[in-house]
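Student: In the order they appear, the protein sequences are chains P and A.
So the first sequence is residues 330 to 861, counted in the working numbering.
So the second sequence is residues 330 to 861, counted in the working numbering.
None of these hints come from the bench; they were simulated from the model.
None of these values were measured; they are calculated from a predicted model.
Just so it is clear, CB atoms sit at the ideal spot from N, CA and C, and this is done for glycine as well.
Among the hints, erroneous ones may be present.
To be verified - With beta-carbon atoms standing in for the labels, derived distance ranges: (1) Lys-515(A) to Arg-756(P): 49 to 55 Å; (2) Lys-618(A) to Glu-741(P): 42 to 48 Å; (3) Ala-838(A) to Lys-618(P): 35 to 41 Å; (4) Arg-830(A) to Arg-334(P): 36 to 42 Å; (5) Arg-367(P) to Leu-490(A): 30 to 36 Å; (6) Arg-567(P) to Glu-569(A): 47 to 53 Å; (7) His-401(P) to Leu-490(A): 55 to 61 Å; (8) Glu-741(A) to Gly-566(P): 33 to 39 Å; (9) Arg-567(A) to Arg-435(P): 20 to 26 Å; (10) Glu-569(A) to Gln-797(P): 26 to 32 Å.
Number of protein chains: 2
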Amino acid sequence: MAEARLKHFGWGREGEAMTEDEESFVLNRYRQRFGIDRFEERAPPTLQDLKLPAPRIAPPASLAPICSSDTHDRARHTYGKSYPDYVRGLAGDYAVAPDVVAYPGRDSEIVALLDWAGSVGAAIIPFGGGSSVVGGVEHRLDRARYRGALTLDLGRMGRVLEIDRASRAARIEAGAFGPALEAQLKPHGLTLRHFPQSFEYSTLGGWIATRSGGHFATLYTHIDDFVESLVVVTPQGRIETRRLPGSGAGPSPDRLFIGSEGILGIITEAWMRLQDRPRFRAGGAVRFKDLFAAARGVRMIAQAGLFPANCRVLDAQEALNTGAGDGSAAIMVLAFESGDHPVEPWMQRALECCRDHGGIAEAEEGADAHREGAAGIWRNAFIRMPYGRERMVPRAIISDTFETAITWDRFEAFHDSVKAATEAAIREATGRPGQVTCRFTHVYPDGPAPYFTFHAMGRHGHLIEQWQHIKQAASDRLIAEGGTITHHHAVGRDHRPWYDRQRPELFAASLKAAKHVLDPRGLLNPGVLIDP
Amino acid sequence: MAEARLKHFGWGREGEAMTEDEESFVLNRYRQRFGIDRFEERAPPTLQDLKLPAPRIAPPASLAPICSSDTHDRARHTYGKSYPDYVRGLAGDYAVAPDVVAYPGRDSEIVALLDWAGSVGAAIIPFGGGSSVVGGVEHRLDRARYRGALTLDLGRMGRVLEIDRASRAARIEAGAFGPALEAQLKPHGLTLRHFPQSFEYSTLGGWIATRSGGHFATLYTHIDDFVESLVVVTPQGRIETRRLPGSGAGPSPDRLFIGSEGILGIITEAWMRLQDRPRFRAGGAVRFKDLFAAARGVRMIAQAGLFPANCRVLDAQEALNTGAGDGSAAIMVLAFESGDHPVEPWMQRALECCRDHGGIAEAEEGADAHREGAAGIWRNAFIRMPYGRERMVPRAIISDTFETAITWDRFEAFHDSVKAATEAAIREATGRPGQVTCRFTHVYPDGPAPYFTFHAMGRHGHLIEQWQHIKQAASDRLIAEGGTITHHHAVGRDHRPWYDRQRPELFAASLKAAKHVLDPRGLLNPGVLIDP
Numbered sequence: 330m331a332e333a334r335l336k337h338f339g340w341g342r343e344g345e346a347m348t349e350d351e352e353s354f355v356l357n358r359y360r361q362r363f364g365i366d367r368f369e370e371r372a373p374p375t376l377q378d379l380k381l382p383a384p385r386i387a388p389p390a391s392l393a394p395i396c397s398s399d400t401h402d403r404a405r406h407t408y409g410k411s412y413p414d415y416v417r418g419l420a421g422d423y424a425v426a427p428d429v430v431a432y433p434g435r436d437s438e439i440v441a442l443l444d445w446a447g448s449v450g451a452a453i454i455p456f457g458g459g460s461s462v463v464g465g466v467e468h469r470l471d472r473a474r475y476r477g478a479l480t481l482d483l484g485r486m487g488r489v490l491e492i493d494r495a496s497r498a499a500r501i502e503a504g505a506f507g508p509a510l511e512a513q514l515k516p517h518g519l520t521l522r523h524f525p526q527s528f529e530y531s532t533l534g535g536w537i538a539t540r541s542g543g544h545f546a547t548l549y550t551h552i553d554d555f556v557e558s559l560v561v562v563t564p565q566g567r568i569e570t571r572r573l574p575g576s577g578a579g580p581s582p583d584r585l586f587i588g589s590e591g592i593l594g595i596i597t598e599a600w601m602r603l604q605d606r607p608r609f610r611a612g613g614a615v616r617f618k619d620l621f622a623a624a625r626g627v628r629m630i631a632q633a634g635l636f637p638a639n640c641r642v643l644d645a646q647e648a649l650n651t652g653a654g655d656g657s658a659a660i661m662v663l664a665f666e667s668g669d670h671p672v673e674p675w676m677q678r679a680l681e682c683c684r685d686h687g688g689i690a691e692a693e694e695g696a697d698a699h700r701e702g703a704a705g706i707w708r709n710a711f712i713r714m715p716y717g718r719e720r721m722v723p724r725a726i727i728s729d730t731f732e733t734a735i736t737w738d739r740f741e742a743f744h745d746s747v748k749a750a751t752e753a754a755i756r757e758a759t760g761r762p763g764q765v766t767c768r769f770t771h772v773y774p775d776g777p778a779p780y781f782t783f784h785a786m787g788r789h790g791h792l793i794e795q796w797q798h799i800k801q802a803a804s805d806r807l808i809a810e811g812g813t814i815t816h817h818h819a820v821g822r823d824h825r826p827w828y829d830r831q832r833p834e835l836f837a838a839s840l841k842a843a844k845h846v847l848d849p850r851g852l853l854n855p856g857v858l859i860d861p
Numbered sequence: 330m331a332e333a334r335l336k337h338f339g340w341g342r343e344g345e346a347m348t349e350d351e352e353s354f355v356l357n358r359y360r361q362r363f364g365i366d367r368f369e370e371r372a373p374p375t376l377q378d379l380k381l382p383a384p385r386i387a388p389p390a391s392l393a394p395i396c397s398s399d400t401h402d403r404a405r406h407t408y409g410k411s412y413p414d415y416v417r418g419l420a421g422d423y424a425v426a427p428d429v430v431a432y433p434g435r436d437s438e439i440v441a442l443l444d445w446a447g448s449v450g451a452a453i454i455p456f457g458g459g460s461s462v463v464g465g466v467e468h469r470l471d472r473a474r475y476r477g478a479l480t481l482d483l484g485r486m487g488r489v490l491e492i493d494r495a496s497r498a499a500r501i502e503a504g505a506f507g508p509a510l511e512a513q514l515k516p517h518g519l520t521l522r523h524f525p526q527s528f529e530y531s532t533l534g535g536w537i538a539t540r541s542g543g544h545f546a547t548l549y550t551h552i553d554d555f556v557e558s559l560v561v562v563t564p565q566g567r568i569e570t571r572r573l574p575g576s577g578a579g580p581s582p583d584r585l586f587i588g589s590e591g592i593l594g595i596i597t598e599a600w601m602r603l604q605d606r607p608r609f610r611a612g613g614a615v616r617f618k619d620l621f622a623a624a625r626g627v628r629m630i631a632q633a634g635l636f637p638a639n640c641r642v643l644d645a646q647e648a649l650n651t652g653a654g655d656g657s658a659a660i661m662v663l664a665f666e667s668g669d670h671p672v673e674p675w676m677q678r679a680l681e682c683c684r685d686h687g688g689i690a691e692a693e694e695g696a697d698a699h700r701e702g703a704a705g706i707w708r709n710a711f712i713r714m715p716y717g718r719e720r721m722v723p724r725a726i727i728s729d730t731f732e733t734a735i736t737w738d739r740f741e742a743f744h745d746s747v748k749a750a751t752e753a754a755i756r757e758a759t760g761r762p763g764q765v766t767c768r769f770t771h772v773y774p775d776g777p778a779p780y781f782t783f784h785a786m787g788r789h790g791h792l793i794e795q796w797q798h799i800k801q802a803a804s805d806r807l808i809a810e811g812g813t814i815t816h817h818h819a820v821g822r823d824h825r826p827w828y829d830r831q832r833p834e835l836f837a838a839s840l841k842a843a844k845h846v847l848d849p850r851g852l853l854n855p856g857v858l859i860d861p
């Protein structure tokens, strides 16, 4: 049975959505928070309503069969999934729709597409699942310089090509979506175990290009460590790195492309390091009096070398908002897993670390505890969250997240400062208080990756400027206090002003020089990371 | 009390050497191996005997106090510690001595030195401990292009500048030698735990520039993962990366400089991630019938997620040669350590993995087992090895090592092929059989880092060509069979022909473009990694 089409507005495929129960749970939280009975609701335009600018370029006959300028194809590839993306989608603003969307099925077709784009002077936007929340897949072209925009959708390149059971690795095409990738590995008893929140609707190539953060809260936090080798197609030729478990031969070639966000070339396949499927588990939730107490427990665990698969912390308000807690305590969701050995000694020591900082374990523990109780509720809420935005934006609810990382010595002051700046900006932008919560998505021996969520009641017609005011204040403060503008959401076009302050100027100049070698005409994803 | 000077020929300081017992143990092994009673021995020239070319450049008065063109300073900085380095030292060939050696004490002095070198057109050779075995610190200049060579010795910049106990990190100057670095951390209960074989006579900056491999046999194998941020001084300005526990903001700036081997800039300091000093240990040695059986045990451990600190394997011959075994079995040296918790459950599971592949644990286990028995003997032999070369080369013994990495699926065929090619080359070069042994220095879930040692009986006057023939054959085979030309010894000038085959051409072009931005005149360590 053919799958439904991907939505042009919203998360996932047509027909998929939050359930009524989920929606009323979330909306009730907002009603209570803002003292509102009903929302002013606007309906997103249907596909038939959309007016797209006429395409400025058309593919040659040889490429026409894998290209489309159909309204659905162009609309669905216009934006990512950021807050302002939804606002513009709601307003029916598709002025920046790509002119052509191509669906290559192999490297040689990508080479031909790059050649064609070069010959007509069109920008090339690599596209995996389109889940970017940082303006990574939206062209914002200098129209004098670029004569069109070609979006290159890798979705047809989703096969696992080769499996090396001895080394636990697989060669996988970059367009593989999370579920299809895992389904192909499962018969071999293997798993990539990279489960970003976007898992269902994002791709391997997208994860690598954006340094995606995944399932593991410690140790293997980013996709980076799972990359054994890469194939990258650039306008100047093909790059294939050597498949090695480790190497010390010069700066890592892979690391130049990991996080390159489509500006250096198109990642078309990768050998990926895999895991055995877990057979042993231990986990549960631990309550702490507040976020800082939980942070001290997390720090002790992170520095103990125990490497829990899950070790996430929700502040009391975030626990309440997601239904994982009653708002009186911060919650740590803790889990160990292994395909090799029972993990009880690991779990027991981690719980001791928690107790040392006042943590109290929830009653239920054991094999499946991670799917029950606070941990299970949190897990389910986490997976369903992306479906929320298409219901909130039409109601003028401003809700977004931003994430960073900071060393432990600075964490508490950093948290308070960033939270205060964001709260103040919400008041300024909307005229009333909102809410800012914090969780840890990943933790390191030297510091956490705090993930902030904010909620504000906006006003139709002003949502983007209101959102922008809050985003600007939060990001300014993040950078001023020493954090990174992104731990795993990437830079794209939206984070550029802060990324530019964060990264050394001479590094940007070096990256630009490298780009000029690989993409001398500056066609690849212009505006992302650096100016072309 | 002032320390003795570093030797101009040999390892370490004047007065340090192998003991008579150590020397006779090693020489007896060679006598038996080659059926030789006595060696034709040549004495290395004394410092007074050396004839160095007159320096071609002289520093300006402002820099003169931190510069030297003294014979000892120039001779000591002429070579690294590779086999051909010793042969040329033995022959009194110091034609490539640097013209000037500078000892800066701070970044501003480095900036002044770079400016001066630029103004006179001199090449700049960054120098840490000078332990390179790949021609990393020896200029081989195009004399028409470069008007001299300035070696920049970071040895005066060895302080731990700042400690962040909460994040377990320290800001350390790049010229810190291993023992001094650890001595400064010890009062804080912290340790970097990076113990390459060169530990005593190599520096933090050298480790980072060459992607040094250290103490940990699994997980944190290279220095790379311990780097939190860097300061790099380039001819175009200073680069300071942001101190972060993790980030997803574009390609990692740190990773461009880690492994850059002095061609992009001078690493002058780094924030390094540290460990608590271990309080709990478990370890011992395990005997296997042969290397491949041990490899299967190691693979199981590496894929189990147990992360032993030590997990090294010696083939039967290597175990015999170092005194760790009787030659009848391969030996695995296994150790777990923690500053946080008892590690018995980890050790017990690792021993089960060994038993599954026929491994038999040595009787002694427990807290200090890693310093006793086969493990202890191996450890001591490992640390003392660098002192051997200055006694072997004068006796025309050819003994060297090379190291690589390969995925598990290819390991056995790879091992046999590389070993056979090296053995054949020894016969061709010396007219009689030699010996090739293998151990694993580091292991990954997807493959080991095999480390080969070879022994041959050479002839004075022909040592370099004999060595070169063997090195060439071994390296050709390594690359043909899919390995890396180096896992942790670096590329330098000596590994260039094979590195050039291994790394993608477009990556080299990108690196060259980045270098041109940072070092537009191509003065920094010319000939290393890429042509300037």
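Student: Next, verify each hint and record whether it holds.
Tutor: Status of the hints after comparison with the structure:
1. Lys-515(A) to Arg-756(P): 49 to 55 Å: holds, 50 Å
2. Lys-618(A) to Glu-741(P): 42 to 48 Å: Violated: the Cβ-Cβ distance is about 56 Å, outside 42 to 48 Å.
3. Ala-838(A) to Lys-618(P): 35 to 41 Å: 56 Å Cβ-Cβ, so the 35 to 41 Å window is violated.
4. Arg-830(A) to Arg-334(P): 36 to 42 Å: violated, 47 Å
5. Arg-367(P) to Leu-490(A): 30 to 36 Å: Between Arg-367(P) and Leu-490(A), where Cβ atoms are some 60 Å apart, the hint is violated.
6. Arg-567(P) to Glu-569(A): 47 to 53 Å: violated, 35 Å
7. His-401(P) to Leu-490(A): 55 to 61 Å: Cβ of His-401(P) to Cβ of Leu-490(A): about 59 Å, so the range 55 to 61 Å holds.
8. Glu-741(A) to Gly-566(P): 33 to 39 Å: Once the Cβ atoms are compared, 34 Å apart, the range 33 to 39 Å for Gly-566(P) and Glu-741(A) holds.
9. Arg-567(A) to Arg-435(P): 20 to 26 Å: Given a distance of about 45 Å, which is not inside 20 to 26 Å, the answer is violated.
10. Glu-569(A) to Gln-797(P): 26 to 32 Å: Given range 26 to 32 Å: holds, Cβ gap about 30 Å.
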